[in-house]
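Using the sequences and the accompanying hints, generate a full structural model.
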Amino acid sequence: MVIFLVFQLIPVGYAIWQSLQATTRSGLGIGAAGSRFAGLENYAQALQDQEFIAGVLRMLVFGVVQVPVMLFFALVLALLFDSSFAMFKKFFQFAAFLPYALPGIVASILWSFLYLPGVSPIIAALQAINVKVDFLGPDVVLWSIANIVTWQWTGYNMLIIFSALQALPHDIFEAARIDGASGWAVNTKIKIPLVLPAIILTAVFSIIGTLQLFSEPTIVRTLTNNVTFKYTPNMAAYNIAFGANNPNYAAAVAVTLAIFTFILSFGFMKLTNRKEK
Amino acid sequence: MKTFSRSATGPSLGSRTLTLVFLVAFTMYCLLPATWLLFASTKNTGDLYGSFGFWFSNFNLFENLNRLATYQGGIYLRWLLNSLIYAGLGGLLSTIISAMAGFALAKYQFAGRELIFSIILGGVLIPSAVLALPLFLLLSQIGLTNNYLGVLLPSLVSPFGVYLSRVYAAGSVPDELLEAARVDGSSELRTFFTMVTRLMGPALVTAFLFQFVAIWNNFFLPLVVLSRNELFPVTLGLYAWQGQSLGNPDIVSLVITGSLVASLPLIILFFSLQSYWRAGAATGAVKG
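Same order as they appear, the protein sequences are chains Y and A.
Per our numbering, residue 1 is the first one in the first sequence, and the count goes up by one each step.
Per our numbering, residue 1 is the first one in the second sequence, and the count goes up by one each step.
Keep in mind that the hints are not guaranteed to be accurate.
If you only want the chain A side, here are some residues facing chain Y, beta carbon under 8 Å, derived [stated by the list, open to error]:
1) Pro33
2) Asn217
3) Gly243
4) Ser263
Since the hints were made in silico from the structure, they are not lab data.
Fair warning: this is a prediction, and the values are worked out from it, not measured in the lab.
We treat Cβ as the ideally placed atom computed from N, Cα and C, and that holds for glycine.
So, in structure tokens, the structure goes:
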């Protein structure tokens with residue numbers, strides 16, 4: 001029994017050790033590596049780095065628009081699949097889920113081609129009706145990236161909400177309908193409140209995902225300079241570490257981002273918790 | 001939405017049509033890019049730029065596949081193999097570790113149990129990409145960068161797997177059965193591998209599948225840890241090619257065909273194991 005417990009605790013301990021390691025490591029990263037103790041200098045630098053701050057703000061704007069849009073579609077789809085009047089459910093679910101089954105890099109590469117003049121059938125089609133679009137333009141490219149993320153993750157979020165819906169006892173909906181509640185009322189008054197925890201879960205994951213956005217903008221960056229190398233906070237951390245060869249500063253940026261993520265996701269959970277009460 | 005109100009027997013024609021239109025539109029949004037990839041992978045470089053994106057031109061799929069397999073001495077196949085090693089081995093080991101941890105957390109009473117569980121769950125909230133950078137510094141100190149282990153070891157940790165295993169073990173492994181095994185003289189380890197793993201089957205398949213996919217799709221960690229391209233997983237290799245493709249249009253068709261090939265294992269895995277992970281996802285969603 002004891003041996004078993006020890007054996008069990010090692011991986012658990014490893015996980016803990018690792019999470020501690022990451023935080024102390026970054027603490028060490030400031031002072032260690034044979035250099036002097038820098039204290040909070042790197043953090044001060046991060047908070048004054050215009051490009052980094054711009055990246056964080058960019059992700060906030062991105063998140064405020066993209067996350068609700070994506071979750072709205074995911075919720076509507078989940079409710080439709082759960083209702084009695086969607087046809088060919090299997091096929092539609094397959095379609096909605098397919099983008100998630102593709103590797104993120106492939107999805108990004110795929111969409112980059114669809115944004116690229118000369119290759120893209122979308123741009124060609126729009127040109128045929130005299131509409132000129134530049135998906136990679138300085139103001140548009142952020143939303144082009146948002147589209148890639150939405151395309152990839154809507155199906156996944158739909159599945160989580162759908163699973164929660166399926167787990168609800170369906171006879172209460174029948175009862176509500178017989179009592180004269182409209183389909184609309186059943187959805188908004190019963191189903192959505194009951195699956196709220198699942199929706200909050202998807203929202204928290206989406207917020208975290210937004211803040212650590214990396215591969216999509218990195219791929220799009222191979223096509224256009226409108227995506228700078230500090231476009232998202234995570235790109236900033238990576239490029240500071242390897243482009244500018246300053247791992248100490250990069251570690252400070254990474255930790256700042258992690259703290260920021262914690263504040264946002266916990267803040268969000270607190271907020272929704274209070275609303276429930 | 002008045003139309004719904006009297007329709008306990010069945011929804012009206014109007015709402016049915018509206019639903020269908022919405023679903024078809026969304027399906028097209030989901031499928032069209034993937035369809036484009038299918039068509040594009042059958043084209044040579046010239047047709048890629050010169051022909052309509054959603055239909056065939058000269059059928060060059062086999063030439064493309066052949067070029068993909070032989071380009072730069074077959075480096076693409078090497079990448080595929082690497083991905084398979086990282087994802088297969090990493091997924092398997094990670095599942096075993098998660099299952100043990102989850103089982104212990106569900107079935108053994110010990111001090112600090114809830115604390116440990118909370119800390120593991122907290123791990124879900126830490127952006128993995130944020131971890132990758134400190135991890136790289138750590139790995140470089142013990143000399144594990146540019147090494148299979150550098151990608152494999154960090155991939156073993158799966159908070160989601162532990163969580164899923166705990167929830168599932170709590171519900172599907174009866175205490176009486178464990179007690180009976182103990183009375184019969186079975187060691188804890190043996191009980192775990194012969195009996196518990198079987199009872200936890202669906203959860204383990206789900207944990208494996210999600211970890212496999214996560215590792216296969218991981219891009220940031222290998223990007224940070226690896227610089228020798230014969231160690232690259234396929235995602236990183238495709239990124240490297242994509243970076244060169246603007247200067248060298250010949251590579252474009254390689255990137256496209258390579259993207260298609262890299263996606264197939266996941267699509268096959270997902271749709272062949274559907275019943276398992278659906279059940280697993282449901283467990284996660286309900287208790288979450």
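Status of the A/Asn217 interface restraint (C-beta, 8 Å, chain Y):
Since the shortest Cβ distance to chain Y is 4 Å, the answer is holds.
Taking the closest Cβ pair, is A/Gly243 under 8 Å from chain Y?
5 Å, holds
Closest C-beta approach of A/Ser263 to chain Y relative to 8 Å, hint status
5 Å, holds
Should the interface hint for A/Pro33 be scored as holding, given a Cβ-Cβ cut-off of 8 Å against chain Y?
Where the cut-off is 8 Å and the nearest Cβ of chain Y is about 5 Å from A/Pro33, the hint holds.
This entry satisfies every hint, going by the numbered hints stated previously.
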